[in-house]
Amino acid sequence: MRQFRFSPALPKTPAFTPGDGLILLGIVTLLYAGARLAFNAPSIIAGPDISLSPLALPWYALFSIGRMVAAYLLSLLFSLFYGYAAARNRTARTVLMPLLDVLQSVPILSFLPVVLLSFTVILPENFAAELAAIVLIFTSQAWNMTFSFYQSMTTIPNELREAAAIYRFSSWLRFSTLELPFAAIGLLWNSMMSWSGGWFFLMAAEIFRVGARDFRLPGLGSYLQTAANEANLPAIVMGIASLVLVIVLLDQFVWRPLIAWADKFKVEMAESGEPPASWFFDILSRSWLVEQFRLRIWQPFRKWIEGVPGNRLREKVSVPKAVPRSGRSSWTRIVFAGIFAIAMLYGAYRTAVLLLTLPALAWSQLGIGLAATFARVTVSLLIAMLWTIPVGVLIGTNRRFAKLLQPIVQIVAAIPATALFPVLLLALLQTAYGLNISAIALMLMGAQWYLLFNVIAGAAAIPQDLRHTTDLLRLSSWDRWRTLTLPAVFPYIVTGAITASGGAWNASIVAEYVEFGRQTYATTGVGALIAQATGRGDHALLLAATLALAAVVVFINRVFWLRLYRLAEDRYRME
Amino acid sequence: MTTAVSLNHADNLLQLQNVTKAYGRAAKQFIAIRDVNLKLRRGEFVCLVGPSGCGKSTLLRIVTGLNTVTSGAVLYRGLPLHGVNPYATIVFQTFALFPWLTVQKNVEIALKARRVPPAERTARAVKLIDTVGLNGFESAYPRELSGGMRQKVGFARAMAVGPELLCLDEPFSALDVLSAEALRGELMELWLNKSIPIQAILMVTHNIEEAILMADRIVVMGKNPGRIVAEIAITLRHPRHRKDSAFQAMVDRVYTAVAGETKSEKETLGTAPGKPGEKRMLPDVRLEALAGLLERLSEENGRLDLYRMGGELTLELDDLLPIVEAGELLGFLTVQSGDLLLSPPGQAYAEASILARKEIIAGRVLRLPVIAWIYETLLRDDNKRVDRHYFYDKLQDDFGDLTEKLLDIAIRWGRQAELFAYNGDTSELFLES
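Protein sequence lines, in the order shown, are assigned to chains V and U. All residue numbers for the first sequence refer to full-length UniProt numbering, where the first residue is 1 and numbers rise by one. All residue numbers for the second sequence refer to full-length UniProt numbering, where the first residue is 1 and numbers rise by one.
Think of the hints as simulated: they come from the structure by calculation, not from any bench. Hints are all accurate, no fakes.
Below, a sample of chain V positions facing chain U; criterion: calculated Cβ distance under 8 Å:
hint, residue
1, Arg168
2, Phe169
3, Leu173
If you want the ones that stay clear, here's a sample from chain V, every Cβ over 10 Å from chain U, calculated:
hint, residue
4, Ala61
5, Val102
6, Val135
7, Ser196
8, Leu233
9, Ser242
10, Leu250
11, Trp304
12, Leu345
13, Ala460
14, Ile462
15, Pro463
16, Phe516
17, Tyr572
18, Arg573
In silico lysine to aspartate or glutamate, DMTMM-like type, Cα no more than 25 Å apart, as pairs:
hint, chain 1, residue 1, chain 2, residue 2
19, U, Lys394, U, Asp284
20, U, Lys105, V, Glu159
21, U, Lys405, V, Asp570
22, U, Lys105, V, Glu268
23, U, Lys263, U, Glu295
24, V, Lys266, U, Glu144
25, U, Lys243, U, Glu189
26, U, Lys223, V, Glu159
27, V, Lys264, U, Glu144
28, V, Lys303, U, Glu138
29, V, Lys266, U, Glu138
30, U, Lys105, V, Glu162
31, V, Lys264, U, Glu138
32, V, Lys303, U, Glu120
33, U, Lys105, V, Asp263
34, U, Lys279, U, Asp408
35, V, Lys266, U, Asp176
36, U, Lys194, U, Glu181
37, V, Lys264, V, Glu159
38, U, Lys105, V, Asp282
Since we're looking at a predicted model, the values are computed, not measured. For each residue, glycine too, the CB sits at the ideal point set by N, CA and C.
Please model the entire structure based on the sequences and the hints provided.
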């Protein structure tokens, strides 16, 4: 049985710190620069022609996978460097960790329009859209992997570190035999999480279109959208089938073999009862070709790496003594910090100037939009909780159900909600409140799985003793829920809900404004405002809406979720 | 010049001169060890013993160069040591094997780091694995081995680099009793027969019998701050037997040195926050454990050997000493030349009913300046209710990183004595009417 470990890494910081303010200011500046560039974006952007022929599907699938791979490699490199720097350098840590914390709670999808528009200025149109998609996927993948790697780096048992030091490992040997293996399992699980998150954003990026600007990319997402647009049912079915196939194939041929292989990197000294298994991994490990590759290419490569002069261990070891911090380095630091601060302040100032050009009407629209989107997010979360808590508890406490449902749930959950959105529109758009309902449905689809998997994990973790005790006490089923089940799964609900609400906010960008069958549909909401501003070229509004959305989400996270999380940790965590 | 130096120090492998190690800076400074002077000669097996928190592991890490010193000098072969000591190695309490490498790879990795060619390192690793008696297990992973076998891999890896100085950090304490005994015997055999090139061994342990069984000299450390309080030479002939009367006498002697003597009340108790004088950390002990000890002592007519007490309560020294310290703090017992003596309040407590015990405890706990100060602060408050953070802030200057723990212990003791109550949700201390 596959385990799911969705756990947002929440640092033990107070609700708001001056550092957070600085970071938000930095994001404001960056966004401003983007919006500023976007002034010059071409007003008409032609999209690709999407063929609905089944023969085109493999190519579209390859395009989509290619974008994912590019973004993933970028994320992996980023997490290794960033996590390493944060773990090994105290000064770097004080900046890098709070920054990461803010970045992972900001709704990334809201940045898509700004990123797209600014990229079209500097780069050829289709290339810009490609790059924007990759950057977007990167921003959805990198943070949790980085956190995971950082946490691994900081939790390496002291004695293993000391062993590496006393045997005078070179930095490469330390990295390859201690640090990377120790981090491998966490990194792998988080990579899988990142991929499922990445699909969500890829699909959104592939179907993004506002007004005369068509940013779509040839891929599975745009295929599905075109199919839905033309109400071509066979094509819709084929599109979804290939998407599911791609995801299942990746799971079977990449992730499961990797998980099975990585089992040897676990630190627990006890043999696990059920080591992760993969039929493909078993085949591979018996294969002649793989053995040849290991002997002929991999081992010589490792030997070569270890022979690189930088990694050569000097026979006479002298570890540098602690050198007092020289005056000059602190001076350069101050100068850099000064330049940075001035740039940010200038950026904030220009942002303010641009924002001041917005009429009062726009601000009130923005307020109403935020409230409407907030209402939708809340409704979708409530619906998600209503069904996931009972179902999750049922699955988590009942082995038979778990065996039956878990594989089905996993496949359904693997389909990115954004890919299904065009289909949803096809079905719902003509009904009353059609867009509103489909928007909530999209948010629900984006949010519910995090909750479900966490509730399952929580219910499965309820100690047998406590369940027996409630049996012996003959508690009524309501009392049993109130005294045991709900408190026990509460921390898991909170953990799931934090991730879920992030997903729901993200979905608002694609959910509230759609172009479908030559018609434009929009509902009240901040997502719709962002899309409309992008279409009209109203950069002040675009900037204001993006910033407001980011600020509101970070605020809600810090003030509401973080407190709930602490409460859950303090009071309801079973140890 | 160099020859002169090395001749002068021919027998002195290692020398520590006025070594002090402090963490943190200025007012919040925590001194782990202060002014330690120690010599280690070639051919010598020295054990470091002492209560937990006396800095014995820190000292071991200073010797190996894993930790730096704040002041003082570490001389190895008469030369100042900078960085990791290339002639020393450590065997760790938790073995510190890489779980993802096989037994053989775990030994080889030490050679690989020293750039020994692959063929040679395989040959040497296989030979060492054979020496420690693990042949046949070369391709096993550590998690497939028992604790004792894992530690053998630890020893094989340590010996692979041909160290002069072998440092052992409680190497047997994570093993079951029988494996530990067997491994001790095997190590002593290798060491006494000179069949390994190691020239000196420095071992940290909290097991006093183990120290007497193996060492030529025992260095006893005390805490607050960590320092050397005694050095005891063990001249018993090998093989040593626990049942020998000379061995038993030595055990008593070392216990006496480790436990120290109960000091004057003023010194033991320390002073309240804001008052001049030394501050004392409360030992992290549950009062029920102390009650158990006092009852046992009362059954023995108020006097019992520390060493026997540890044996009867099956407590390691590390667990026993904090309970004894709590007893001293509350005035229930005293320590005199390795014996525990029940004081009259202790006697009264041991014989009292549950209700009477609460009363006695309340009176005794109020003797502690920190708890008395908390109690009086609460009395003075109009609502008899004060936020935990208030106390935290006041205590922080004196206790730094230990404040949280101190406050936890103080609250626990205060609650058990029913002096005051605590609400964890609002983090408030209050007096119950």
